[in-house]
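So the sequences go chain by chain: A, D and Z. So the first sequence is numbered by our numbering: it starts at 1 and just counts up by one. So the second sequence is numbered by our numbering: it starts at 1001 and just counts up by one. So the third sequence is numbered by our numbering: it starts at 2001 and just counts up by one.
Hint data in this document are derived by calculation from the structure and do not stem from the laboratory. By construction, the Cβ of each residue, glycine as well, lies at the ideal position given by its N, Cα and C atoms. Treat the hints with care, since some could be wrong.
Taking lysine to any residue pairs in the SDA-like style, the calculated list, with each CA pair at most 25 Å apart, reads [stated by the list, open to error]:
(1) Z:LYS2205 - Z:PHE2193
(2) D:LYS1466 - D:HIS1107
(3) A:LYS31 - A:GLY102
(4) Z:LYS2632 - A:LEU41
(5) D:LYS1030 - A:ILE166
(6) Z:LYS2429 - Z:PRO2408
(7) Z:LYS2632 - A:MET110
(8) A:LYS170 - D:LEU1036
(9) Z:LYS2632 - A:ILE166
(10) D:LYS1030 - A:LEU168
(11) D:LYS1397 - Z:PRO2408
(12) Z:LYS2632 - Z:VAL2622
(13) D:LYS1439 - D:ASP1104
(14) D:LYS1030 - A:GLU171
(15) D:LYS1199 - A:LYS31
(16) D:LYS1154 - D:SER1188
(17) D:LYS1154 - A:LEU79
(18) D:LYS1034 - A:ALA161
(19) A:LYS170 - D:VAL1267
(20) Z:LYS2388 - Z:LEU2398
(21) D:LYS1034 - A:ILE166
(22) D:LYS1199 - D:VAL1267
(23) A:LYS170 - D:PHE1389
(24) D:LYS1466 - D:ASP1357
(25) Z:LYS2388 - Z:HIS2469
(26) D:LYS1196 - A:THR118
(27) D:LYS1199 - D:SER1188
(28) D:LYS1196 - Z:VAL2650
(29) Z:LYS2632 - A:LEU22
(30) Z:LYS2569 - Z:LEU2584
Across the chosen pairs, the derived CB separations fall in these ranges [said to hold, decoys possible]:
(31) D:THR1200 - A:MET53: 28 to 36 Å
(32) Z:HIS2052 - D:LEU1368: 54 to 62 Å
(33) A:ILE15 - D:GLY1173: 18 to 26 Å
(34) D:THR1200 - A:ILE15: 29 to 37 Å
(35) D:ARG1476 - A:GLU152: 30 to 38 Å
(36) Z:HIS2364 - D:GLU1433: 45 to 53 Å
(37) D:LEU1416 - Z:PRO2070: 33 to 41 Å
(38) A:LEU74 - D:PRO1155: 20 to 28 Å
(39) D:GLU1436 - A:GLY69: 39 to 47 Å
(40) Z:ASN2573 - D:LEU1416: 53 to 61 Å
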Amino acid sequence: MEALVSFFSNYMLYILMGVTILTAVGVVYSKNAVHSVVALLLTMILVAGIYLMLDAEFIAAVQLLVYAGGIIVLFVFMLLLVALHKDEALRLFNTYTLISLGLVAFLVIMLAVVFFGTPFGPAPATVTNIVKGGSTEAVAGTLYSAYILPFEIASILLLVAMVGAIVLTKERGKS
Amino acid sequence: MNVTVNMTALMPLIILFAGISLTALMGTMKDSVKRLAGLVASISVVFAFWWVMERILPAIGTAAMESQSGMLTYSYYSVFLSGIVLITAVAAFALSEHYLLEEDFSHPEFYAILLASITGMMVMLNTSNFVNIFIGLELLSIPLYASVAYLRYKPESVEGGLKYFILGAIASGFLAYGIAMIYGASGSLDFITIVKTVKTDSLFRLGLLFILMGLAFKAAAVPFHMWAPDAYEGAATPVTAFMSIAPKAVAIGVLIRILYSVFPQMVDYWREAVLVLSILTVIVGNFAAIVQQSVKRMLAYSSISHAGYLLMGIVAYSVEGVSGILFYLAGYMLINTGAFGVLSLLKIGDDDFVSYDDIRGIGYRYPLLGIFMSVFMFSLAGIPATVGFMGKFYVFKALIHANYMSLALVGIGGSLVSVYYYLRVVVHMYMKENPEERKFNLNFLSMTVLAICSVLVIAAGLFPAKIADIANVAARFMN
Amino acid sequence: MTNYVWLIPVLPLAGFLVNGLFGSRMSRKVVSWIANLTIFASFVFALVLYIHMLGTPALSEEGIHNILFPWLNVGAFHINFAFLFDRISGTMTLMVAGVGFLIHVYSVGYMAEEDGYFRYFAYLNLFMFAMLTLVLADNLLLMFVGWEGVGLCSYLLIGFYYTTKVASDAGKKAFLVNRIGDFGFLLGMFLLFYLFGTLQFPQMKEIILSHHILPELTTGLITIATLLMFVGAVGKSAQLPLYVWLPDAMAGPTPVSALIHAATMVTSGVYMIVRLNFLFQLAPNTLLIVAWVGGITALFAATIGTVQNDIKKVLAYSTVSQLGYMFLGLGVGAFVAGFFHIITHAFFKALLFLGSGSVIHAMHHAYHHAGIHDKDPQDIRNMGGLRKYMPVTYWTFLVATLAISGFPVFSGFFSKDEILWKAFASGHKTLWAIGAFAALLTSFYMFRLIYVAFLGNFRGGEKEEEGLHESPRSMTVPLTILGILAAVGGFIGFPRIFHLPNILEEVLEPMIPAVNPVHYLHNVSTEWTMMGISVAIAILGWLIARTFYAGESAKLVEGLSNTFSYIHKLLLNKYYVDEIYFALVVHPVKRIGEFLWYYIDVILIDGTVNLAGMLATCCGRVITLFQNGSVKMYAFSMLTGILILFWIFVG
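Whole structure, please, built from the sequences with the hints as guidance.
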């Protein structure tokens, strides 16, 4: 038991990452649309877990709230509205997919080679710039001082996204 | 922590945001107010332009422009490009007045989202921080996706917008990935700090690669160009006009800034990459345009090929090259506004008559339109006495001075091929008979815009010195 | 004032522009006033400048140099747009503008009933502009501009009645043959630039005088250069073998023939050589060729002129012959004599042409009056006894005939005699003989004209005779003025042996440096003897003509022409030169052109272009195959892009 626990605690990050990849693949290769959405949900949750492992609690919380909470709900709504679950599954293994798979695999391997070859130095046991209040305070401190402008721009972006969505619902003629 | 808020520097963004809010609000009011939306949007753009030129331009380099710890930095270079973006915006607004009325689908929110796109462009141009680059790119793109899909009752419009969106999201993802890698490799997101730490090891190279890909997508460089023909063809023509100039200018401008100022040590790598991209772009853009049946789609491919010429200018890696690119962009703005502007007038109700067959005989039925279109086509082809020729001349000159003779030859060869499909338009306009007699409403505002553009095209083609000098100054002071 | 030399050519240019652009809307009176006024103003101004120049010691040496603006600046090649009004060009300008003005006035009357009135005067002014540019240019390139310009105007004016095939063909022929000469001029110009590094006359003179010509640039190259320039002169001044355009050019209006093909344009070749005298003096071989070409042409053309029946054709061949005289003079080193003959020839030949125009005008009227349409008003066999009806025309024509034949006191005597004397005195005795024989023929055919056309009885019908009358004052006044000039014009160049001042020689001598002086015989008694022989020849020619043509000697002429029918036919058909040219040159060139057109243009070049187009379209189709609308395909291509970049960055 002890061995198992220690194994997990040392390699939790990598296990999470591995399972995330599996669920992500599952999003793409599920035959059923609902299965895809569920796989996506799981991926989001697992990514939140990865963030936790990297001592970024704030981002993990936001990930869960926004993605797992908001976006997946949106996806489910879409499924219902478009009755996607009633569609037949598409052929998933044609020439495109196989070639793409091969190319992506190649890309991943190349990336791996690059990353492993980069002299990063030893990984710190803990992230050194943690402020007393945890990553949330660190993020807040930076976000609302140095990065206030992008923050505001992002809010404009949100506003505009809404306006854009509204535009796409307009009727012809006198509105 | 203290934050320095520099109102002068922020004003253009604030003005544009005010415009967005106003026009969005106008969507809730009565019709007579709604009709003014284009005017309000244009006023806010003009006001922002005035502010940039009058308040910001003289103060560049002084302490008065220190802002947001490097988030917002103006230089002659970024002001030049901002000017191009803002002027294109006004022209696009002017053209869309008539177009949308003819479509009977004119909503103030249309102007709001275009204004938002412009704001994103301003952010992306006038910054020295990768976060702003990314955010600016998003603010630029997302409203643009919506404007492409604006005519939502037309399947090609929605299709174009959706394809643009999906592929754009992928590209944005790659851009973010690249920025993250650069951050991981250098420890900062600020240009000035990154430059000091850049080495040519693989993490930097990868990061730069992905950033390059993200920006090349926006500029519609091959092989990241596939979205462009569908998006350009499906969108409302004034939106296409805007889309073919402003985002491209921004993408190329920011790309130059990043490559020259942040990664000069990696020149050997990115130079080769840009060279390959430019050759592919010029070849694909030009040859694909030959076989098109629709003038609008042909112009989309032509835009792709012009991005290729601009990328060639980047390979030159000299002030001369950048100056040439900036001049080219200024001229390109005039020409494309004009060409798409003419197409935007060929409209009756819902239908756009923009195929080669449809424009037969236009030269005689609407002589002014024929003359304008001929001027723009000649300029696109790079015929002397037009600004298009001068732009290409400057870019190729820079290339030759940088000893890239064969690249210049490829560019010139591409130009040669392009003469065919541009002059095909002129041939169809003047030398073919059209059995259908269509009556187009030649809106006064649009015609004025076209007239101004064509006069400037020829004037700048014959006397390029003024604009060339400005471009030169802008090129020398990139930071 | 000296900065306004450019006004002299530009005033007629302004006249051309106004008449050309607005002439169709203006009345004939206004058009003619504008045209005439500009030339008159040019003439007056030139006169004022001339007097001023000669009076100012500083200017009289080098002339008035009026640099307008730098024209071409390419590497080491600098050409200015500049005019040089010196003794040579000034004298020529006076002649060109003066005679030109008289002809303009004459044209008012002559063209009064023709269509295209304003077009005529516009072209005439344009011609004056080109000619004056040619004369006043300070460098060879600008002179060439004028050279080409007069060729163009010649084409335009010869082909003035362009609706008739004869006229338009003649214009084409003139232009094409001129072009051959121009080719020589151009090549000569290139070679001269290579040798001297400049094309400006003052600079070239300076280089030659200061012996700065490097020894490597042997006289061989200079001979070639001058020969090439002479080829240009041969074309422009209608010498053998490029004279064939001049007789055909008679298809144009008669005042045009007077101005262009008698007084001004055809003399530009001679003028050019006089201008470049310092250069030609360096190439004695070229000068020899010039003299012989001139001499042979003089004789050759004179022989043809003896049997022609068209009054203008006689005068045309006479012009070719007289031009030959001028070249003869230049060739033996007598530049002043050649120039002298230009001036006197301008007087009497212009007068002869204008007189013939007056005659033709009257014959036209006569035929119109009688309702006859098939008779040629220019055929002297239809004329006769015109003295009675056109006294002014007759008397001035007579004066001109006396001048051209070389009767003493009249202008032609002095200039022709000087040329023949200089030819003899420099040792070219054969050339002198040729020239003398040609003079005999000249006297003969000119008096033939007088007897056949003006004396005796009219050979037409009574109705026609009623229509004959003297020409209006606008035509007779210039005739009179020219008559006076033809009579006394020679007084500017008295031979030394008369012990009277030779004004022309004094004026021009400083401009002709003794680079390579010719040794002339200085025997006074020989000179008087030769002069006597010249007079005798002139009188002999008259007597022969009188024998044949005065009174009722028609049978004698017919008999002679029957006996010598073969020779007569040969001369009448101008030695069949045109036919020979067609067979040797024109026809083969046309065939070659057709061959090249079909095989090379249609098959080779068009084929290649079409092939290129097909290839491009194919490439385009292949590329658009990938644009199939599928987003997956698009994303796939992006992936490919990433991999390419990867390969470049990391691989």
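Now the hints, each set against the structure:
no. : hint                              : in the structure
1   : Z:LYS2205 - Z:PHE2193             : holds, 13 Å
2   : D:LYS1466 - D:HIS1107             : violated, 39 Å
3   : A:LYS31 - A:GLY102                : holds, 21 Å
4   : Z:LYS2632 - A:LEU41               : holds, 24 Å
5   : D:LYS1030 - A:ILE166              : holds, 17 Å
6   : Z:LYS2429 - Z:PRO2408             : holds, 23 Å
7   : Z:LYS2632 - A:MET110              : holds, 23 Å
8   : A:LYS170 - D:LEU1036              : holds, 18 Å
9   : Z:LYS2632 - A:ILE166              : violated, 28 Å
10  : D:LYS1030 - A:LEU168              : holds, 20 Å
11  : D:LYS1397 - Z:PRO2408             : violated, 74 Å
12  : Z:LYS2632 - Z:VAL2622             : holds, 19 Å
13  : D:LYS1439 - D:ASP1104             : holds, 18 Å
14  : D:LYS1030 - A:GLU171              : holds, 16 Å
15  : D:LYS1199 - A:LYS31               : violated, 46 Å
16  : D:LYS1154 - D:SER1188             : violated, 46 Å
17  : D:LYS1154 - A:LEU79               : holds, 24 Å
18  : D:LYS1034 - A:ALA161              : holds, 20 Å
19  : A:LYS170 - D:VAL1267              : violated, 49 Å
20  : Z:LYS2388 - Z:LEU2398             : holds, 14 Å
21  : D:LYS1034 - A:ILE166              : holds, 16 Å
22  : D:LYS1199 - D:VAL1267             : holds, 11 Å
23  : A:LYS170 - D:PHE1389              : violated, 43 Å
24  : D:LYS1466 - D:ASP1357             : violated, 39 Å
25  : Z:LYS2388 - Z:HIS2469             : holds, 9 Å
26  : D:LYS1196 - A:THR118              : holds, 19 Å
27  : D:LYS1199 - D:SER1188             : holds, 14 Å
28  : D:LYS1196 - Z:VAL2650             : holds, 22 Å
29  : Z:LYS2632 - A:LEU22               : holds, 22 Å
30  : Z:LYS2569 - Z:LEU2584             : holds, 22 Å
31  : D:THR1200 - A:MET53: 28 to 36 Å   : holds, 32 Å
32  : Z:HIS2052 - D:LEU1368: 54 to 62 Å : holds, 57 Å
33  : A:ILE15 - D:GLY1173: 18 to 26 Å   : holds, 25 Å
34  : D:THR1200 - A:ILE15: 29 to 37 Å   : holds, 35 Å
35  : D:ARG1476 - A:GLU152: 30 to 38 Å  : holds, 32 Å
36  : Z:HIS2364 - D:GLU1433: 45 to 53 Å : holds, 52 Å
37  : D:LEU1416 - Z:PRO2070: 33 to 41 Å : holds, 35 Å
38  : A:LEU74 - D:PRO1155: 20 to 28 Å   : holds, 24 Å
39  : D:GLU1436 - A:GLY69: 39 to 47 Å   : violated, 57 Å
40  : Z:ASN2573 - D:LEU1416: 53 to 61 Å : holds, 56 Å
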